[in-house]
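So the chains spell out like this:
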Amino acid sequence: MSGARRRTAAAALTGLLLGAVIGAGTAPAWAWWTDQATVRSGAVAAATVPAPAAACGPVGVASVRFNWTAVPGATSYVVHFGANGSMTRTVTGTTFTTTQLVSSGTFWVVAQREFPGTTWVSANSNRLDYVVAVVSLCG
Amino acid sequence: MTEFSVRAGFVGLLVACLCAGGGVAWAWWSTSATAESPPVASGRLDLTAGPSAEQQFLMGPGGTWTYSALALPSAFPGESVARTLVLRAGGDADLAVSGSAVASSSALGQHLRLHATRDGVAGNTVVNGMRGGTCSGTTLVADRAVTATAAPFFTDLTVGAGGTLTLCLVLSLDGTAPSGLQGQSATVSFTLTARQEVAP
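For the protein sequence lines, the chains are A and B, in the order given. Okay, so the first sequence: first residue is 1 according to the working numbering, each after it adds one. Okay, so the second sequence: first residue is 140 according to the working numbering, each after it adds one.
No lab work stands behind these hints: they were computed from the structure. Take the hints with a grain of salt, since some may be wrong.
[What the hints assert, rightly or not] According to the in silico footprint, chain B covers these stretches of chain A (three or more CB under 8 Å from chain B):
(1) 36-42
(2) 56-67
(3) 115-125
None of the values given here were measured: they were computed from a predicted structure. For each residue, glycine too, the CB sits at the ideal point set by N, CA and C.
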């Protein structure tokens with residue numbers, strides 16, 4: 001392109017640009033705006049399966065009975081007994097009797113609540129030391 | 140006299156004037172013009188939010204609103220709550236709205252699930268002590284985990300100027316949530332971004 005033609009083309013472009021700016025008349029210029037809002041939920045919290053409260057029941061000859069409070073929704077309880085609670089049984093009621101003669105140990109219980117896809121377990125109840133003998137002891 | 144001669148004469152005159160030492164007056168030429176821009180107008184864009192079309196609590200640019208009814212306290216695995224969230228295009232432009240959700244707790248968040256529909260109605264029941272929420276409507280996201288990393292659950296839903304968009308949200312605690320989650324809590328934040336879709 002010759003110099004003259006280049007100048008002519010530049011002049012035409014400048015004219016077009018000016019025409020676009022000035023000749024647009026009263027049409028408003030638009031920007032693209034955004035607005036962001038945040039909606040926060042209230043508290044979403046996982047529940048807790050309460051721990052049972054254990055107590056000594058009647059002390060018999062060669063037996064010790066334990067009772068504990070029922071936990072709402074609990075489907076079973078796991079009792080720990082024997083030396084340092086090393087033995088376990090799963091029961092559905094709220095009492096347990098050990099008759100293992102001449103033994104001592106520690107008792108506690110946890111509540112279980114079963115759901116279709118999982119099982120939640122409570123914290124341990126309070127601990128009780130006991131002795132099974134002719135004259136049993138619990139406390 | 141030829142044309143060449145005339146031209147030469149003028150050149151000679153000019154040279155003579157320059158050489159005369161009489162001083163040459165120089166003028167700096169200038170020109171100016173004023174170009175007026177066309178009117179600059181900003182559209183009014185405002186995404187408002189609330190539990191219903193009549194109750195819009197989040198108005199104006201930005202802001203955070205706590206939807207206290209969208210809560211699930213003391214939840215056991217499988218429990219859920221459903222609530223509607225109505226968004227309104229409060230300005231004079233159509234909006235394209237997108238939404239993302241994020242949980243404030245990573246541990247609990249990965250066991251929280253979100254189900255969202257459009258134009259749905261929320262229903263809540265209690266069966267055997269277990270709360271259950273459901274939403275009718277067109278599914279936007281189906282029962283997806285709400286993690287501690289924001290993730291979109293719908294994008295570019297159009298809301299006409301002055302119109303509303305009804306979202307129905309179900310928050311639930313996963314039915315397989317482990318026992319170790321007991322006592323943990325979180326909030327879920329829904330970030331809603333509206334973009335002007337077209338110039339009116």
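These are the hints, each one checked on the structure:
1. 36-42: Satisfied; 7 residues make the cut.
2. 56-67: violated (count 0)
3. 115-125: Check passed, 7 qualifying residues.
Checked against the numbered hints listed earlier, the structure breaks hint 2 alone; every other hint is satisfied.
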